[in-house]
Amino acid sequence: LDRSAASAASGTGSLGPVVVPAFEIAPHASREAVLAVDTRQVVSRFETRFSEGQVGRAGNIRRAASGMDGVVLMPGETVSFNANVGARSVDNGFALAPEIYKGELRDGVGGGTCQVSGTLHAAAFFGGLDIVERINHSRPSGYIHVGLDATVVFPTVDLKLRNPYDFPVVLHAVADKGTLAFEILGREKPARVDFTTVTVGTASFKRKIEEDAGVKDGAVVVKQKGIRGVSVRKTRTIHLAMGRERVEVSTDVYPPTFEILKVAPGTDPDSLPPLPGAEEKAEEKSEKSAAATPTGPRTAAN
206 LDRSAASAAS GTGSLGPVVV PAFEIAPHAS REAVLAVDTR QVVSRFETRF
256 SEGQVGRAGN IRRAASGMDG VVLMPGETVS FNANVGARSV DNGFALAPEI
306 YKGELRDGVG GGTCQVSGTL HAAAFFGGLD IVERINHSRP SGYIHVGLDA
356 TVVFPTVDLK LRNPYDFPVV LHAVADKGTL AFEILGREKP ARVDFTTVTV
406 GTASFKRKIE EDAGVKDGAV VVKQKGIRGV SVRKTRTIHL AMGRERVEVS
456 TDVYPPTFEI LKVAPGTDPD SLPPLPGAEE KAEEKSEKSA AATPTGPRTA
506 AN
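Residue 338 in the numbering used here sits at position 133 of the sequence shown, with consecutive numbering throughout.
Simulated from the structure, these hints should not be mistaken for lab results. There may be inaccurate statements among the hints.
To be verified - Calculated pairs, BS3-like style, for lysine-lysine (alpha carbon to alpha carbon, straight line, at most 30 Å):
hint : residue 1 : residue 2
1    : K394      : K413
2    : K394      : K411
3    : K439      : K421
To be verified - Between beta-carbon pairs, the in silico distance windows are:
hint : residue 1 : residue 2 : range
4    : Y306      : P226      : 42 to 52 Å
5    : T361      : R451      : 26 to 36 Å
6    : P303      : P481      : 21 to 31 Å
7    : A446      : G281      : 36 to 46 Å
8    : M279      : I414      : 49 to 59 Å
Glycine included, C-beta positions come from ideal geometry on N, C-alpha and C.
Starting from the given sequences, assemble the full structure and let the hints guide the process.
The following block contains the structure:
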């Protein structure tokens with residue numbers, strides 16, 4: 206092996222047989238151990254709805270759900286969504302469908318996959334599993350409560366879950382007739398989870414204007430509605446056996462989503478309708494300014 210490597214490095218001689226050392230990587234669990242997993246108890250369950258009429262998106266949901274269905278987490282083991290579902294590509298069974306990219310809705314291969322990761326995250330969240338890695342969307346999702354969504358982008362943005370219990374759990378997914386459901390199955394239901402959210406901040410959205418030759422003079426086409434940004438403080442309380450409990454507090458920030466208007470080329474932006482709430486804000490600002498302006502005689506302080 207050393208002589209062959211030396212010949213290859215120097216560019217002289219011919220390569221003979223190269224001996225490659227072999228080694229085995231032991232699996233986390235044997236086949237027998239997996240087959241013996243007790244799945245009689247539903248540790249937690251969560252479901253969301255989707256439209257069967259959006260064929261590409263519905264197909265992507267089924268494809269992604271199938272990648273997580275049947276995954277076994279042994280005690281202390283962590284599972285990666287991206288590692289199991291794989292690349293969102295046509296070759297990997299995904300289709301073109303609407304998705305959120307940089308705060309805007311557009312078509313992309315794999316659109317709808319985030320509903321699968323969000324539904325799985327919610328099931329794991331209410332099952333008391335450890336949320337090792339998770340990022341919320343750039344804006345609230347219509348199919349799930351704020352604080353429970355989970356965005357994924359292969360291979361950079363992932364959802365990772367860990368089994369904190371002393372027994373294996375199995376992920377079970379079903380996507381049928383417009384319903385996506387995830388169940389966490391195991392030998393027992395070891396925890397009860399309470400979840401609360403409080404809005405701790407809001408932010409107004411801004412406007413983008415796109416000139417389009419296909420729009421008539423004076424017309425305004427709403428390409429995307431603006432969505433107010435919101436910051437949500439969420440609390441997960443995990444009630445365990447023997448009266449023990451664990452409280453987790455975190456904050457999710459959903460930035461504002463631009464309102465996007467399409468107008469004819471050369472349209473004066475000042476001729477467009479004001480942003481929703483802009484008039485009220487201007488009036489409120491004017492009132493505050495008037496209140497701060499002194500109206501009577503002033504006496505110099507000693």
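Hints, one by one, checked against the model:
no., hint, result
1, K394 to K413, "49 Å, violated"
2, K394 to K411, "46 Å, violated"
3, K439 to K421, "46 Å, violated"
4, Y306 to P226: 42 to 52 Å, "45 Å, holds"
5, T361 to R451: 26 to 36 Å, "30 Å, holds"
6, P303 to P481: 21 to 31 Å, "24 Å, holds"
7, A446 to G281: 36 to 46 Å, "18 Å, violated"
8, M279 to I414: 49 to 59 Å, "54 Å, holds"
When the structure is compared with the earlier hints, violations turn up for hints 1, 2, 3 and 7 and for no others.
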